[in-house]
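Novice: The residues making up each chain are set out below.
There are 2 protein chains.
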Amino acid sequence: MKVAKFGGSSVASAEQFRKVADIVCSDVERRIIVVSAPGKRYKGDVKITDLLIQLADAAIHDEPYDSVLEAIVKRYEEIARGLELSVSSLISHIADDLQQKIDTYRDAPDRLMDAIKASGEDHNARLMAFYLYSLGLEAHYVSPREAGIFVTDEPGNAQILPESYEKLKDLRKRHGVLVIPGFFGYSLTGHIVTFPRGGSDITGSIVAAGVGADVYENFTDVDSIYCVNPAIVDHPRQLKELTYREMRELSYSGFSVFHDEALEPVYKAGIPVCVKNTNNPAAPGTWIVAERNHNDEPVAGIASDVGFCSINISKYLMNREIGFGRKLLQILEDEGISYEHVPSGIDNMSVILRANQLEGEKEKRILDRIQTELQVDEVHIEHGLALVMVVGEGMERTVGVAAKATAAFAEANINIEMINQGSSEVSMMFGVKEEVVKEAVRALYEAYFSSHIHSL
Amino acid sequence: MKVAKFGGSSVASAEQFRKVADIVCSDVERRIIVVSAPGKRYKGDVKITDLLIQLADAAIHDEPYDSVLEAIVKRYEEIARGLELSVSSLISHIADDLQQKIDTYRDAPDRLMDAIKASGEDHNARLMAFYLYSLGLEAHYVSPREAGIFVTDEPGNAQILPESYEKLKDLRKRHGVLVIPGFFGYSLTGHIVTFPRGGSDITGSIVAAGVGADVYENFTDVDSIYCVNPAIVDHPRQLKELTYREMRELSYSGFSVFHDEALEPVYKAGIPVCVKNTNNPAAPGTWIVAERNHNDEPVAGIASDVGFCSINISKYLMNREIGFGRKLLQILEDEGISYEHVPSGIDNMSVILRANQLEGEKEKRILDRIQTELQVDEVHIEHGLALVMVVGEGMERTVGVAAKATAAFAEANINIEMINQGSSEVSMMFGVKEEVVKEAVRALYEAYFSSHIHSL
Chain A
96 MKVAKFGGSS VASAEQFRKV ADIVCSDVER RIIVVSAPGK RYKGDVKITD
146 LLIQLADAAI HDEPYDSVLE AIVKRYEEIA RGLELSVSSL ISHIADDLQQ
196 KIDTYRDAPD RLMDAIKASG EDHNARLMAF YLYSLGLEAH YVSPREAGIF
246 VTDEPGNAQI LPESYEKLKD LRKRHGVLVI PGFFGYSLTG HIVTFPRGGS
296 DITGSIVAAG VGADVYENFT DVDSIYCVNP AIVDHPRQLK ELTYREMREL
346 SYSGFSVFHD EALEPVYKAG IPVCVKNTNN PAAPGTWIVA ERNHNDEPVA
396 GIASDVGFCS INISKYLMNR EIGFGRKLLQ ILEDEGISYE HVPSGIDNMS
446 VILRANQLEG EKEKRILDRI QTELQVDEVH IEHGLALVMV VGEGMERTVG
496 VAAKATAAFA EANINIEMIN QGSSEVSMMF GVKEEVVKEA VRALYEAYFS
546 SHIHSL
Chain B
96 MKVAKFGGSS VASAEQFRKV ADIVCSDVER RIIVVSAPGK RYKGDVKITD
146 LLIQLADAAI HDEPYDSVLE AIVKRYEEIA RGLELSVSSL ISHIADDLQQ
196 KIDTYRDAPD RLMDAIKASG EDHNARLMAF YLYSLGLEAH YVSPREAGIF
246 VTDEPGNAQI LPESYEKLKD LRKRHGVLVI PGFFGYSLTG HIVTFPRGGS
296 DITGSIVAAG VGADVYENFT DVDSIYCVNP AIVDHPRQLK ELTYREMREL
346 SYSGFSVFHD EALEPVYKAG IPVCVKNTNN PAAPGTWIVA ERNHNDEPVA
396 GIASDVGFCS INISKYLMNR EIGFGRKLLQ ILEDEGISYE HVPSGIDNMS
446 VILRANQLEG EKEKRILDRI QTELQVDEVH IEHGLALVMV VGEGMERTVG
496 VAAKATAAFA EANINIEMIN QGSSEVSMMF GVKEEVVKEA VRALYEAYFS
546 SHIHSL
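Residue numbers (our numbering), protein chains in the order written: chain A, 96 to 551; chain B, 96 to 551.
Because the hints were derived from the structure by calculation, they are not lab data. The structure presented is a predicted model; accordingly, all values stated were derived computationally and were not measured.
If chains are identical, the list can't say which one is meant, so a pair holds when it fits in one copy or spans any two.
Subject to a maximum C-alpha distance of 30 Å in a straight line, what follows is the list of computed DSBU-like cross-link-like pairs (lysine-lysine): (1) Lys262 with Lys363; (2) Lys422 with Lys363; (3) Lys459 with Lys422; (4) Lys533 with Lys135; (5) Lys459 with Lys528; (6) Lys410 with Lys262; (7) Lys264 with Lys410; (8) Lys410 with Lys363; (9) Lys410 with Lys335; (10) Lys97 with Lys410; (11) Lys410 with Lys459; (12) Lys459 with Lys363; (13) Lys142 with Lys169; (14) Lys410 with Lys422; (15) Lys533 with Lys335; (16) Lys335 with Lys97; (17) Lys114 with Lys169; (18) Lys335 with Lys135.
Take the sequences, apply the hints, and build the full model.
Specialist: Below is the structure:
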């Protein structure tokens, strides 16, 4: 049994719906379909979700919203017409449903926003089920409530409740193709609550784990995952296979394929993921699995992200002071700061964190606290740091991986501000100045994937 | 004004005493002399301090100690005779003093051990002062109590009390050459308390800081500090100059030149240190200073140490869990464990620590606590790790330092288990298996100091 999730661009138009139907019909194992809201059809197009946010904003601020509501309904109507479906009842249902949600949650803006946003996926799932049914398939729309997707009650940041998985098992007993909207679940008090960013991927992952699927197929608009950001390197190498851990490291820093939470349910259930292209389903796609044979390719990919800073602290005899590191991290925890890495020498320690956490007075306050409470010799912040991650399960047993990276930096005349590689880890982190991050990524790509001239 | 400390081998015999006298007489700025107890005169010789420990042990256990007491007195007598001093009163004073200390502290073994150990330096300082005086110098023995070296009252682990520095200033007003015994101070309750390992260096450093010396000269038996352990690399390069921070990183891991606490007082007072050879005082020695010009030589030295282990922890979505690192360090702190480095990836963290801290049940208990309290996916310990440190103030601004190191490892076919280099740090840490640590050090020495063929 396969669970197939189709992303926004895969369900953006009638033409895309037809591709999805072909994909579903071509394999009887594709028994559960999770759909996003209609995404962009072309560059510059507006996603339904963005229109829905406009709608909710207007309603919350008591501004007129008729035209945006109309634009939303029209998107579905266009899809339905393109599929030659009789649509009047469905379309009037959408308009009524949106209006009813606005009326219900007029005094609860967070709830209103969540309910309206979630409707994008919900209506699209209904439309998809209707279309598949019209093709002669036994297709059923299944709401997240019926499926059993129960979540915590924090608008916009739903977390799955463990009891959901027991309920989701029952979907195995259902006949036909089930179409479930992505992006949201229901709280135990009956409210619609959306998942954080990447929500439809999370739904697909939860459903796949719940039913114990053989594979979780994630249909998108690229043939595969690339080993490096294609916006930095032209036509980079495609990945056939990578592990959950590699994917997580990559998605964390600059790879927008999956939100980092999305893979947790399938990771825990040990269900392989296949990323495929709705527009070219014959391409093999990229498999995300528990283990891969990495003898040939110790490095899976290179990721990067900007916007980091480093708090650098020095104190003579720091390393003899039991509790120093713990007290430092306690200050950050008190201030609600999460950090990425803590490289250290004998008498100094750096804390790498996302700089956007230090807005306003916070930076000064944290530096003052470190100075006063830890009695350090010196503390200062270095801004404008980028992190570049070389990711690969095979690295830890391979001689020369670090040598290739550092030689590539040296040849490109890039200074390494920081290096961090732990025992049994799947990534090697380099800190560089933001200005040189693209050069750094290109240099690493050259070293690992492009040429063998530089190999040591 | 210079404070000159003479180590054990520099004051081991009459011949060595003469060299010290020549050194003292050759520079009128050498106004304060700190001496160790007589050390080894040849390979296989016994240090006075070891004899004193035997004496104290025997007295504590009510065993006969006449022969060892006699051997101790005889060492001083030989030195005195070799210097053609009239010695009878001095020698009988030593025997009486040791006997009196045994009688006084018969019921306080810790005190007895400290008092007896400290006597090695004390009697040697008296003898040195007497000898210098006999040469016509205005030399005075000054006891630590008279000098103002007041310390905490923990036998064998004295820490200087801040008020000492005020008192030590008065030594500037004294005339002649002052001879102070190293290794111990007096608690405020009047007891002799010895410093931890490297105690005479600590005394010299404290006195130099207290009197605001122009330089703290540390006389030993080598011409200079080497850039790498001569037991691993034959005839390594001598260092002309290094910074306090570099010295501290080096002495921490495998360089036995200074105990890591010894330099703190001069570091804080900004007093330069010169390491010189008593047997070859014309050699320029090695200077330890606050800043050095490191344009030519970004790397100062290479140090290594064995006996480390790594606790490796992984947990999916670890990096989203605010407080995870703090809780982990809290467990270690509860268990009285100090750690060296905490390299981390997105979902994993390693803690590097000295393995001798995990004796007995502790290892299992710590792993259990991490598993239970932090709900990690996996935790295990990797034993047999060595750390190799590349140390140098210039590294952080120099492209290619890391490349040289990692290329050297790759060429020597050595796998790097860990790398740790923080922003604005003075060292780069590599973790390797203990079996290959010497090869690793030699490979790095080749890369940085020996040849320029491999340079990038």
